[in-house]
Amino acid sequence: MAGTGTAHLRDPSTTILRAEDLVVEFPVGHTGLKVHAVSGISLDVMEGETLGLVGESGCGKSTTGRALMQFPSPTGGTVTFEGEELTALEGEDLRNIRTRMQMIFQDPISSLNPRRKVGDIVGEPLAIWATPTQEERGVLTTVAAGLSMLIAGIFAIVGLVWGVMGIALLTGAFEDELTFGPVTLENAFLGLFVGLVGAGGVVVFRSVALGLLRRDAGARAQTVSAVAAAALFGLVAWTVLGASALLFLIPLVVLPVMAALLYNPRGNEDFPGIGPEGERLIDEVLSSVGLDPAVARAKRPHEFSGGQCQRISIARALVLDPKLIICDEPVSALDVSVQAQILNLLEDMKERYGLTLVFIAHDLAVVKNVSDRVAVMYLGKLCEVAPPDLLYERAAHPYTDALLKSIPVPDPEVRPEGVAEKLQGDLPSPVAPPSGCHFRTRCPKAQERCAEEEPKIRAVGDGQFVACHFPMVDVPD
Amino acid sequence: MARKQVTLTRSDVDAGTPLLQVEDLRTHFLTEGGTVRAVDGVSFTLERGKTLGVVGESGSGKTILSRSIMGLLPTRNVVRTGSAKYEGTEVAGQSHAAMRGLWGTEMAMVFQDPMTSLNPVMKVGNQITESLRHHLDMDKGEARETAIALLRSVGIPEPAQRVKEYPHQLSGGMRQRVMIAIALACGPRLLFADEPTTALDVTVQAQILDLLSAQQTERHMAMVLITHDLGVVAGRADDIAVMYAGKIIEKAPTGVLFSSTRHPYTEALLKSIPKLEHTSHTRLDVIPGRPPDLVSPPEGCNFSPRCPYAQPKCFVEEPVLEVGPGGGHEFACHYPVGTPEGAEALARNEAAAAADAGVSGGVA
Chain B
1 MAGTGTAHLR
11 DPSTTILRAE
21 DLVVEFPVGH
31 TGLKVHAVSG
41 ISLDVMEGET
51 LGLVGESGCG
61 KSTTGRALMQ
71 FPSPTGGTVT
81 FEGEELTALE
91 GEDLRNIRTR
101 MQMIFQDPIS
111 SLNPRRKVGD
121 IVGEPLAIWA
131 TPTQEERGVL
141 TTVAAGLSML
151 IAGIFAIVGL
161 VWGVMGIALL
171 TGAFEDELTF
181 GPVTLENAFL
191 GLFVGLVGAG
201 GVVVFRSVAL
211 GLLRRDAGAR
221 AQTVSAVAAA
231 ALFGLVAWTV
241 LGASALLFLI
251 PLVVLPVMAA
261 LLYNPRGNED
271 FPGIGPEGER
281 LIDEVLSSVG
291 LDPAVARAKR
301 PHEFSGGQCQ
311 RISIARALVL
321 DPKLIICDEP
331 VSALDVSVQA
341 QILNLLEDMK
351 ERYGLTLVFI
361 AHDLAVVKNV
371 SDRVAVMYLG
381 KLCEVAPPDL
391 LYERAAHPYT
401 DALLKSIPVP
411 DPEVRPEGVA
421 EKLQGDLPSP
431 VAPPSGCHFR
441 TRCPKAQERC
451 AEEEPKIRAV
461 GDGQFVACHF
471 PMVDVPD
Chain V
1001 MARKQVTLTR
1011 SDVDAGTPLL
1021 QVEDLRTHFL
1031 TEGGTVRAVD
1041 GVSFTLERGK
1051 TLGVVGESGS
1061 GKTILSRSIM
1071 GLLPTRNVVR
1081 TGSAKYEGTE
1091 VAGQSHAAMR
1101 GLWGTEMAMV
1111 FQDPMTSLNP
1121 VMKVGNQITE
1131 SLRHHLDMDK
1141 GEARETAIAL
1151 LRSVGIPEPA
1161 QRVKEYPHQL
1171 SGGMRQRVMI
1181 AIALACGPRL
1191 LFADEPTTAL
1201 DVTVQAQILD
1211 LLSAQQTERH
1221 MAMVLITHDL
1231 GVVAGRADDI
1241 AVMYAGKIIE
1251 KAPTGVLFSS
1261 TRHPYTEALL
1271 KSIPKLEHTS
1281 HTRLDVIPGR
1291 PPDLVSPPEG
1301 CNFSPRCPYA
1311 QPKCFVEEPV
1321 LEVGPGGGHE
1331 FACHYPVGTP
1341 EGAEALARNE
1351 AAAAADAGVS
1361 GGVA
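Respectively, the protein sequence lines represent chains B and V. Taking our numbering, the leading residue of the first sequence gets 1, the next gets one more, and so forth. Taking our numbering, the leading residue of the second sequence gets 1001, the next gets one more, and so forth.
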């Protein structure tokens, strides 16, 4: 069950998400041992496709889903989403990417903040990415940048006049005594310097004000340079003027405050923010997941059933209009009748919003129902990748076969298989996984070769790939 | 001490008495929001060595039913009426002290969540020997030997090592095996298994269900298997009772229930399960709406607001659980599935729905 190998990956130009040789390891206390949660998994998802990820608990399927989200980033391997390499990203760039990749969690009730209203929960992504309106920005920019530019302008004029006059006096161009300060060469040059810094400040503050107004991509860099300019400005003024330089420190305070008000570092105009447009969007996603926005928005999560809470989670994931949603066991905590509602809802949402899904679950019947392609995992490795119908018709991996046989069939005519047919024992420890094929310790077909050599994933049929030395189907040469 | 007092013991009864006979059992909780009718008039009979599957959604009262019979409910703000006879002895409404004589030795329970039902600061061995020493007066060594034998019989490898371990050192499947060992320790003749596999993986679920059936056969023990998954009871129960809003709405031998489903709710429940033999992206049939509020259930049939067969009569008159023609199959429905009346009711509703769609379509 090695699953190392990439035979099942498709042409990168056709896929939206592609993970290669993903490795996730966690340290075990300070023992130096490691939990090998995911050991070299490669996956890809095409646009509009649903990839099902199945396996027992502890097989690393949730860790894989989280590694795709960089939550946390994998120990090794690469994740490419829409052509962008995610493992190298951090900070704001990663946050930006995550607006297009969202996640739905297993326990709907504990994944919603019990103290917030549903409208706020669903609207929070919008609030995070909100940008101030044009008017707010206009007023603030005019006041703050205008003040800074005014001070810098006064500084520039006074400094330049002082410097020019000082030099003129020293060179004898003027006969009369001048009133300000002892005339020395040093003072004259300082005056000139202050004047130039002031002039530079005017230029920088102006471009910052314009950048913030237009929300240029470089607005953040401009704010930083403006604050640096203001600091330099204040320093020079302090040297020259002493305490009265406090006046010139005003831009140092004003500019960061202005930037904080105007430049939400996560603000993004692709999202409607929290204005009327945002309110409309919250209503729209809530009603598309089958809740009445007028009633639901003012309530808190405890007033809803598990199924309804899962609908709220789905609405929250949808509100930023993502491309990809990773669903981590979204129906495992729900009753069968509610499970059917949520599964149908996910299919509807997929169609309506053009989503691509990664669907993680332990129930093969559920996964089969929603997926276009299923990947079976065991102890951090891939066993088999196949279209769901083919997987059910002819499972190639002994583990897939065992999983299929364990599912209780709601039909008394189908007697449960004999004990011998079923998988015995528990998952081995991921701290010290078995050598060779990870599944060999529980595999009915295990041979010596399985302990020595890790099987590579290979094609065994139309879109069916298996990582097994002794697959249960004929292998085409 | 009161703990040692055994006020209820199994009397010698003739073999004709069923092991468990429940008549019109009701358990109502008095809450600030009103009276919650968690179990509302349930009757059934369970013979020795047989398995009754109790199926229903969360909130249908299946767990409260088993706890009412076991006497594991809080004593305040609970109204319990009706009768539950264990081998002819009335157990409904008995105090905890009185029930203690039956717990463990006569009836036992396996709980849903093996993670939280075991004592985390007690070695698993001691959790098993606790009841052996109390009920069967075993000495320490004997109890320990029995505990090891029990762990072996529930399929735990190296049981002599495992008795010294704490629950957190065991996997979920292992913990559920320990729970089963504890329940089986004093050889009960009636076992309540309350969602014993819901918290477990499918592969482990199959193992645990196999273990339960094997132990049941070996010990000639009766079992009430409570679950929300019809797949779990399909191959394992002799009879199945489907619960909805605190009432049994259909009860039949397993084969009959699946082959000739009569109640629309059972039918809908069966249809909503994703099936492996369906091709992927098969649209699932859902039950519209939500389970009813148990404080003020709907008038007439509880299921009527969600029922595709519902007729005006269903909203006024509550159907009673009756034995249908042919016998052995009880259901509470005015227009049962698979009967001419049912088919007619469904056709009428579908025609009305089509007409509605036609009207609105025409307007649009």
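Just so you know, these hints were derived from the structure itself, not from any lab. Glycine included, every Cβ here is placed at the ideal spot set by N, Cα and C. It is possible that some hints are incorrect.
What the hints assert, rightly or not - Okay, the calculated bits of chain B under chain V, using three or more residues with CB under 8 Å as the criterion:
1) 40-47
2) 146-154
3) 337-351
4) 384-397
Said to hold, decoys possible - Below, computed lysine to any residue pairings styled on SDA-like, alpha-carbon distance capped at 25 Å:
5) B:LYS34 <-> V:TYR1166
6) V:LYS1275 <-> B:SER57
7) B:LYS456 <-> B:VAL414
8) V:LYS1271 <-> B:SER13
9) B:LYS405 <-> V:MET1099
10) V:LYS1123 <-> B:GLY29
11) B:LYS445 <-> V:PRO1157
12) V:LYS1140 <-> V:ASP1113
13) B:LYS350 <-> V:GLY1235
14) V:LYS1271 <-> B:VAL414
15) B:LYS350 <-> V:ASP1285
16) V:LYS1123 <-> V:ALA1098
17) B:LYS445 <-> B:VAL475
18) V:LYS1123 <-> V:ASP1137
19) V:LYS1085 <-> V:THR1217
20) B:LYS350 <-> V:THR1279
21) B:LYS323 <-> B:ASP11
22) B:LYS350 <-> B:ARG66
23) B:LYS405 <-> V:GLY1172
24) V:LYS1275 <-> V:VAL1295
25) B:LYS405 <-> V:SER1043
26) V:LYS1271 <-> B:SER288
27) V:LYS1271 <-> B:GLN106
28) B:LYS405 <-> V:ASP1293
List, from low to high, the hint numbers that the structure doesn't satisfy. Numbers 1, 2, 7, 8, 9, 12, 13, 16, 24, 25, 28 - these are the hints that the structure violates, sorted from lowest upward.
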